[in-house]
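Colleague: Chain by chain, the residues:
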Amino acid sequence: MPSCAKKYEYSVNEIPPPGHLIVLSIQHIMLMVMSLGLPIIFANQLNASPEFTSALIAFSMISAGLGSIVQAVRFRYLGSGYLCPNLCGPSYFSLSLSAAWTGGLPLMRGLTMVAGIIEMAMAPVIKKLEKVFPNYIVGMVVALVGVSVITSSVTSFFGLSFEGDAIRNIDILIGFFSLMVMVLSNVWGKGFIKMYCLLIGMIAGWVLAVILVPDYWNDLMIVKSSHWFAIPSYGPGFLNIKFDLKMVLPVLVVGISGSLKSFGNLLAAQKISEPELKEPDFTPLRNGLMADGLSTFLAGLLGGMAVDTSSSNVGLAAATKVLSRWICIVAGIIFTVLAFFPKLLMALSVMPKPVLGSSIIFSGCFMICTGFLEMFTEQWDPRKTFVIGIALFFGLSTGFLPSLYARAPQFVQAFFTDPLPTSTIVAVVLHQIINFDQWFKKEEMKGD
Amino acid sequence: MKRGHLEVFMHNLKNVISILNSVLLICLLIFSTGCRDKYSDIDLSMYQYRDTKNLVKFVYDSSLLVKKDGMKSIEYFKAHRDLYNTTDHYLYIYDMNGVNLFHAGLPEFEGKDLSEITDKSGKKITRLVLEALNNPTNPHAWVHYSWWEPGKFFPVPKSSCHFKVKTPEGHDLYIGGGMNYPHEEREFIRIAVDSAVALINEKGSESVSEIDDPTSQFNFRDIRVFIFDSSGEFLIFPVLHELSAELEVLDCIDEVGHKPFRNALKKLEQSDFAWEIFMARNRYKRQLVKKSLYIRKTVLDGKTIYVSAVTDLPQPP
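So the sequence lines, in the order shown, correspond to chains A and B. Quick note on the working numbering: the first sequence kicks off at 1 and runs consecutively. Quick note on the working numbering: the second sequence kicks off at 449 and runs consecutively.
Wrong hints could be hidden among the right ones.
[As the list claims (entries may be wrong)] When the alpha-carbon atoms are kept at most 25 Å apart in a straight line, the in silico DSS-like pairs for lysine-lysine are as follows:
| id | chain 1 | residue 1 | chain 2 | residue 2 |
| --- | --- | --- | --- | --- |
| 1 | B | 486 | A | 224 |
| 2 | A | 246 | B | 707 |
| 3 | B | 739 | A | 246 |
| 4 | A | 242 | B | 486 |
| 5 | A | 242 | B | 733 |
| 6 | A | 242 | B | 714 |
| 7 | A | 246 | B | 651 |
None of these hints come from the bench; they were simulated from the model. For clarity, every value in this text was computed on a predicted model and none was experimentally measured.
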């Protein structure tokens with residue numbers, strides 16, 4: 001790999017010097033922390049006590065941290081060996097909430113474990129899908145990983161917490177400033193500045209937000225009241241695990257959809273880490289899905305929220321050309337340890353929304369463009385135009401027209417969920433249908 | 449090799465320290481200049497939406513102006529109408545007899561006695577405002593009704609908050625601000641239910657018809673304060689006016705099989721009030737919609753009763 005190493009600041013197997021390793025890991029943690037909003041919202045919805053909320057956050061962090069470590073290692077059947085950390089998965093949020101309402105935390109834990117098992121069961125099947133994922137579809141999947149963060153990033157960029165609420169000019173200014181610092185540090189900066197562009201942009205945006213908006217300053221002051229060190233406690237809700245057969249079907253749909261999303265993230269991580277590969281190498285992808293499934297299972301077992309691979313972190317790796325999997329390991333260790341330090345955790349989690357939004361937009365850009373570039377490296381023909389075009393029409397329409405799909409027949413609703421899984425399913429099916437004649441031609445040629 | 453790594457590490461450490469120093473310096477600057485929130489005198493923590501907080505701040509700012517400059521400030525408001533009539537909210541000032549002194553969007557109202565003005569459903573708006581200003585459970589004197597947007601020809605739902613002010617000249621006025629198509633805040637049902645409980649405690653049985661009255665403060669938009677007793681029998685039905693239907697309240701389930709009333713009543717064994725969240729289906733949305741139930745326990749004619757209302761919760765963007 002010596003020639004490849006020059007294309008990167010740090011290639012996938014390279015170990016950065018300790019100082020860089022730690023700061024680069026912190027840069028990734030800043031993005032991972034954003035997902036902790038999910039357990040907080042979740043606990044709010046349940047009117048849970050502060051102790052329950054702290055425990056839920058801590059167990060989610062431990063699961064995500066351990067999951068990140070497992071993802072970065074390369075065992076024979078476990079871990080992709082790419083920089084693709086775990087965080088609390090938004091795909092599982094609605095299901096977790098329904099489960100918690102119906103059967104409390106024990107049912108949520110049980111279903112999270114089942115979702116993990118489904119993902120692990122999907123892993124060997126993914127290997128068999130080698131033939132149905134030609135490069136141009138892989139490119140589309142990678143691009144859609146970036147597309148899938150558009151909603152969360154743009155609403156955060158505008159500082160929105162709730163649907164239909166007011167947008168402040170000052171938030172737009174903070175978001176724009178933060179984004180520009182990240183982009184210009186990346187484009188004009190070299191070495192240190194380029195490598196830490198996201199961290200520099202985040203700090204600059206945060207400082208500006210604190211100076212300009214008293215609310216952000218007040219948020220930061222809340223940190224004072226938290227403890228430096230605390231061991232997450234197992235309250236009564238965390239002692240049992242339950243299952244409910246009635247919820248198996250929704251878990252199955254969400255589990256498969258989550259697996260496809262993780263597959264997209266892992267594929268993107270592979271694409272940016274090993275661009276010299278002419279076709280996807282399905283072994284690390286299978287192992288990565290196995291690791292992701294195991295982390296989700298572990299989250300259920302521990303009492304945290306289901307975890308998922310992070311698109312934003314893969315995008316950040318692409319942006320900074322820092323792809324070392326050791327960063328994922330150190331970030332995982334720090335994230336796990338951070339679960340025991342509420343004050344530090346709180347300080348990170350009150351990051352102003354516009355700053356957070358600009359970070360996700362920044363990393364999403366790379367995902368979208370990497371995908372498009374990959375898509376168009378092949379000779380293009382009308383078959384591909386229709387496969388990709390139709391897949392994008394229906395996939396993106398799930399984001400543009402959610403109310404249309406709310407009135408659609410049940411079987412359509414089950415498969416047309418989000419842009420990423422929908423486009424992937426449509427593209428894979430269309431590729432087979434449109435190229436049906438080619439399959440016969442190949443058979444004839446074999447016969448000749 | 450090891451020495452090389454150490455040098456790089458030290459170099460990085462210096463860089464990190466210099467960044468941290470800059471951040472620290474800026475933080476100290478903020479500390480020293482003082483970054484005090486000018487709204488620290490009013491509690492806005494009960495509101496979830498920024499729109500609602502902005503309206504309260506807007507009216508509060510204007511009330512401070514009236515408190516300081518008295519009747520002179522009204523001339524200032526009239527000269528700067530555009531500032532006080534925006535797409536988000538607008539300002540008005542009345543005396544305590546219901547005479548309009550200033551209306552940012554409807555100057556033709558100025559000088560008129562509007563004490564008996566009603567909306568399309570018969571709500572006496574000025575009377576409701578005066579009640580709200582004297583209601584200790586309604587700190588920002590919220591009133592909900594339907595009104596019109598200047599220049600339009602159809603009613604729009606509206607929520608307004610108010611502050612009472614004594615001018616330096618000794619006049620008692622109230623300053624109000626309204627917003628069209630308001631968000632449903634949890635605080636709005638908290639005020640309605642707590643006010644209903646206060647009325648029950650004060651007037652007993654005769655309060656029930658007042659709470660049931662569609663033109664009262666206890667009924668607005670899709671929100672309705674309802675009452676049931678411990679056997680599940682309704683004194684005020686949650687959906688229909690002057691008509692009760694069969695509804696096993698404790699067995700009511702939401703879209704995910706959750707029993708909000710049963711759970712709320714369990715919580716009420718330990719407390720006088722409870723919030724319970726449940727899910728409802730909106731046919732135009734893919735995700736289930738979150739709603740909240742606020743319930744309070746009190747006693748009427750020696751029997752325990754439950755006073756409650758339901759509202760929408762903020763949805764993620």
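Colleague: Determine for every hint whether it applies to the structure shown.
Modeller: Cross-check of the supplied hints:
| no. | hint | result |
| --- | --- | --- |
| 1 | B:486 / A:224 | holds, 21 Å |
| 2 | A:246 / B:707 | holds, 17 Å |
| 3 | B:739 / A:246 | holds, 23 Å |
| 4 | A:242 / B:486 | violated, 50 Å |
| 5 | A:242 / B:733 | violated, 29 Å |
| 6 | A:242 / B:714 | holds, 22 Å |
| 7 | A:246 / B:651 | violated, 49 Å |
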